[in-house]
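Each chain is listed here by its residues.
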Amino acid sequence: MRATVLAALAIAAVVPLVTAGLGGGEFYLGFATRIVIFAIAATSLNLILGYGGLVSLGHAAFFGLAAYGVGILAAHGVDTAAIQWPVALAACAVFAAVTGLVVLRTSGIYFIMITLAFAQMLYFLFVSLRQYGGDDGLTIATRSRLGPIDLGEPVVLYYLSVLCLVGSLWFCHRLVASRFGMVIRGARTNTRRMAALGFPVFRYQLVAFVLAGVMCGVAGILQANLTQFVSPSYMAWARSGELIVMVVLGGMGTLFGPVLGAAALLILEEVLADWTVHWMLYLGPIIVLIVLFAKRGLIGLFDRRSPPPAGGHHG
Amino acid sequence: MAEPLLEVRSLRKRFGGLTATDDVSLRLHEGELLAIIGPNGAGKTTLIAQLQGELRPDSGAILLSGAEITHLSPPERAHRGVARSFQITSIFPDFTALENVAMAVQAHAGHSFRFFRPAASEPELVEPAAAALARVGLAQRAAVPAQALAHGEKRQLELAMALAAKPKVMLLDEPMAGMGRLESERMVALLDSLKRDVSILLIEHDMDAVFALADRIAVLVYGRIIATGSADQIRRDPAVREAYLGEGHG
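Going down the list, the protein sequences come from chains Z and U. Numbering follows this note's numbering, in which position 56 of the first sequence is assigned residue number 56; successive positions increment by one, without gaps. Numbering follows this note's numbering, in which position 127 of the second sequence is assigned residue number 127; successive positions increment by one, without gaps.
Simulated from the structure, these hints should not be mistaken for lab results. Predicted model only: the values in this text are computed from it and were never measured. Take these hints with a grain of salt, some might be off.
Examples of chain U residues lying across from chain Z (beta carbon under 7 Å, computed) [said to hold, decoys possible]:
#1 Arg-9
#2 Ala-67
#3 His-71
#4 His-79
#5 Gly-110
#6 Ser-112
Note that CB positions come from ideal geometry on N, CA and C, so glycine has one too.
Working from the sequences, and respecting the hints, build out all of it.
This is the structure we're talking about:
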């Protein structure tokens, strides 16, 4: 485990050097940053989906909401990260808490449908906001100002994203083994039993839902700074679906699975799109094959020998 | 007579045209084991579900140590000392036996909004869990994932989870279901050793077990209690023989 983590960190650290070596380094570094950002979003979804068994088909709402938080404040001349980011994350927390109060009263297919419905409501809200670009999206003139740290420098934004990912993973790692994590994971397999034991499960799931929403918001903030653009498509339900694919592809309920899944999906998309315009036609079967043959997701291909650790069970 | 620990007053529950619980009144005293027997479909599990809070009765009252709990949620009742084991084994298959029981301990160790310290490193969770496992004879199996346990062991684990909560009342729904003869005998011995410390309401089909363990027996038929008494009284009761024991159990 420790060796894997160090190796992954080493790879993440040298990416800018490698991309600088390739022609069009800016593009590759931007692409690497995008992978890291989506890895954060997938990790946040994994918290409730993989560990908590809550299949949210509206998780991208938090991604888009935080990105709009950055964009809208920037449009009004507020570009300090010290204001932008807390506001964007608070918006995610509030949206998660309010929608969570409703969706967590349901389960199964109803949970999926209602998370989708809330995300679509938000989507159409932003489509209708003409003053912020509506359907066309909103260009963000200036990146967030973060003291002396210049996010306009692609390498800086990349390393900041990596730092956020490491933080998210560390948080997840601690969380799932804690008392709180035990409750969330227990509720995944047997909510009824949890209630009989004496856990008011709803409260814990609501807090997990908010934590996951805020963590996804971090990814949205980074994405807004990467692309200097935000549009309703950030929170489209297809985007939420993509996040689910990343988690399942990589390995639900494993710490590093979603990171692997995010990288695999984005790289596949990029390579296939480069090769043929009908790339989606090929992407689908590839995902099906991976999910069929790697039952525990891509992560299962790496640690075949050892059973999943106590802190990270398979789905 | 002292105030009963658990008292049920004229409980009724109807599902459409079917009366699953029909004017049921019961008293369970401290340190007592009350068995409820009855043919399939008599409403035994429905009754337990109402005592635990998963189902709400249409009318009637449930009192624990004199305080009404009829309208409390299952977690609230659990905190007041009502533990339940399920007819169909209900454990956390991915967790080890010890983790399963530690979860039960955790439920009664304050709130669980603790986000950083690994629960497995907390002695206040692990030690009582290990003790409960030892009590049911699973100490050697603590580190085994629950899904890998034998059927009888899973039932023992289920009991350890109920015990770990240090309940006042345990509602046991067919703890011997699906067990072999040897496993059943072990479970009977185990329940016998527990009944001094905790009051037990037992639903069981295994008549040998019921007659061996129960201080009193209540017979439930079509949602009604048709007789209550000692094992001997129940064995002799003509109505019971006709309704239930007459089916070859006698």
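**OP:** Using 7 Å as the Cβ threshold, decide whether U:Ala-67 counts as touching chain Z.
**Re:** violated (17 Å)
Original post:
Should the hint that U:His-71 touches chain Z count as held when the rule is a Cβ pair under 7 Å?
Top reply: At 15 Å from the nearest chain Z Cβ, U:His-71 fails the 7 Å test, so the hint is violated.
Original post:
Any CB of chain Z closer than 7 Å to the CB of U:Arg-9?
Top reply: Hint violated; U:Arg-9 Cβ to chain Z Cβ min 23 Å, cut 7 Å.
Subject >> Agreement of hint U:His-79 with chain Z interface, Cβ distance less than 7 Å >> reply: For U:His-79, the interface hint holds, since the closest Cβ of chain Z sits about 5 Å away, which is under 7 Å.
Original post:
Given U:Ser-112 was flagged as interface, is its beta-carbon under 7 Å from a beta-carbon of chain Z?
Top reply: holds (4 Å)
Original post:
If you take the shortest Cβ to Cβ gap from U:Gly-110 to chain Z, is it below 7 Å?
Top reply: violated (9 Å)
Against the hints set out earlier in the document, violations occur for numbers 1, 2, 3, 5.
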